[in-house]
Amino acid sequence: MVKRKKRYIIVEAPSELSLEVFKKLIEKSYLELFGEFGLIEANLRVIKKIDNKFIIECSHNSVYKVILSLSSIRRLDGEPVHLKIIKVAGTIKKVKEVIAEE
Amino acid sequence: MARKFIDFWIHLTGEEDLSEILLEVKKLGFKSVVASSTSDSIYEEFKKLGETYEVIIYRKLVLEPEDRMSLLKNLRKFRGGYEVISVICNNLEVALTAARDSRVDSLILPPGKMFRIDKGVASLISNSIELPFKWFIDEAARRDFIRVANEVINYLSSKTSIIVSSYASKPYELCSPHELASILQVLGIERKTALDSVSTIPWSIIERNKLKLSPNYIAKGVLKIG
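Protein sequences, first through last, are from chains R and F. Numbering follows our numbering, with no gaps: position 54 of the first sequence is 595. Numbering follows our numbering, with no gaps: position 58 of the second sequence is 904.
Keep in mind the hints are simulated off the structure, nothing from the lab. Just so you know, not all the hints are guaranteed correct.
Calculated Cβ distances over 12 Å to all of chain R for the following chain F residues [to be verified]: (1) 857; (2) 890; (3) 891; (4) 897; (5) 909; (6) 914; (7) 919; (8) 957; (9) 967; (10) 968; (11) 969; (12) 1002; (13) 1053; (14) 1056; (15) 1059; (16) 1064.
Partial pick of chain R residues on the chain F-facing surface, computed with a CB cut under 10 Å [as the list claims (entries may be wrong)]: (17) 574; (18) 605; (19) 608; (20) 609; (21) 613; (22) 615; (23) 616; (24) 623; (25) 629.
Simulated pairs of lysine-lysine, BS3-like, Cα-Cα distance not exceeding 25 Å [unchecked claim]: (26) F:872 x R:628; (27) F:872 x R:625; (28) F:850 x F:1038.
This structure is a prediction, so every number in the text was calculated from the model and none was measured. Idealized CB from N, CA, C, for every residue including glycine.
Bound-form chain R, shown alone (with noise of 0.2 Å):
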């Protein structure tokens, strides 16, 4: 079998969201724009939260789908939210490194 390649987005939030809540908004989103299909095929995860940042994974030939889904992103509860994406990795180790440079 083979492997599938995986890519991990570090997403920075506002620190009050849940990870549940992120969880719910990132599929929701994700869901509206590419189809339960989409959603299955590009295996999102929520791994971790740290601090204020969520750590996805996600199939690497989904990536540019799972950022525009977070970009569509712009609203919680009515107050404007902006989730910044600020890394894609590939290793999880990049990412403690990426988080822990922050």
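Assemble chain F onto chain R, guided by the hints.
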């Protein structure tokens, strides 16, 4: 060499803190922005602040003419005063005129446009097409914007260049270059070309126009030296 990213359209209304916008632009990794404004004083203040934040500011005029004659009249009047001129094409007559006029830098096709881009229209378009990302963020206009972007890519991507700009007027509406490029990637453009739409393509337009606006410019290919 690292890419020099440029946001090809920021609209200044004067309601927002200009330094906040510039700070965000800088954080997002842009070297330069092209700004349209509701008044000259806002633009002048923004340009001055740009020097502090080391962001190069260029001026843009966005025309939204009703017909061909008003477009030509405005182009004659304003071309010399702006680095970039874009035209919002609300009807086919304006689109076809703007598409062939070398004084126009980019064509903006609004989401609610009442004409279709087909092979016939595409064959006449020689200027760049600009896709303002704000219409993607706006949920009400999103579907129409994607339809327009799809038409543009299907019929025009092989023929003309595409630019993606933010059309932001508030700091939270600004997007990073990769976010802007992602819309093209989703619609089937490869990554390198998508990133060109926020870097090399707008830069080449700016460079060409800076040369045209310089006092040494005489005609296309003719420059006064010394």
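Checked hints:
{"no.": "1", "hint": "857", "verdict": "holds (16 Å)"}
{"no.": "2", "hint": "890", "verdict": "holds (28 Å)"}
{"no.": "3", "hint": "891", "verdict": "holds (24 Å)"}
{"no.": "4", "hint": "897", "verdict": "holds (25 Å)"}
{"no.": "5", "hint": "909", "verdict": "holds (28 Å)"}
{"no.": "6", "hint": "914", "verdict": "holds (36 Å)"}
{"no.": "7", "hint": "919", "verdict": "holds (37 Å)"}
{"no.": "8", "hint": "957", "verdict": "holds (15 Å)"}
{"no.": "9", "hint": "967", "verdict": "holds (27 Å)"}
{"no.": "10", "hint": "968", "verdict": "holds (25 Å)"}
{"no.": "11", "hint": "969", "verdict": "holds (30 Å)"}
{"no.": "12", "hint": "1002", "verdict": "holds (20 Å)"}
{"no.": "13", "hint": "1053", "verdict": "holds (28 Å)"}
{"no.": "14", "hint": "1056", "verdict": "holds (31 Å)"}
{"no.": "15", "hint": "1059", "verdict": "holds (34 Å)"}
{"no.": "16", "hint": "1064", "verdict": "holds (44 Å)"}
{"no.": "17", "hint": "574", "verdict": "holds (8 Å)"}
{"no.": "18", "hint": "605", "verdict": "holds (4 Å)"}
{"no.": "19", "hint": "608", "verdict": "holds (4 Å)"}
{"no.": "20", "hint": "609", "verdict": "holds (4 Å)"}
{"no.": "21", "hint": "613", "verdict": "holds (6 Å)"}
{"no.": "22", "hint": "615", "verdict": "holds (5 Å)"}
{"no.": "23", "hint": "616", "verdict": "holds (8 Å)"}
{"no.": "24", "hint": "623", "verdict": "holds (4 Å)"}
{"no.": "25", "hint": "629", "verdict": "holds (8 Å)"}
{"no.": "26", "hint": "F:872 x R:628", "verdict": "holds (16 Å)"}
{"no.": "27", "hint": "F:872 x R:625", "verdict": "holds (13 Å)"}
{"no.": "28", "hint": "F:850 x F:1038", "verdict": "holds (13 Å)"}
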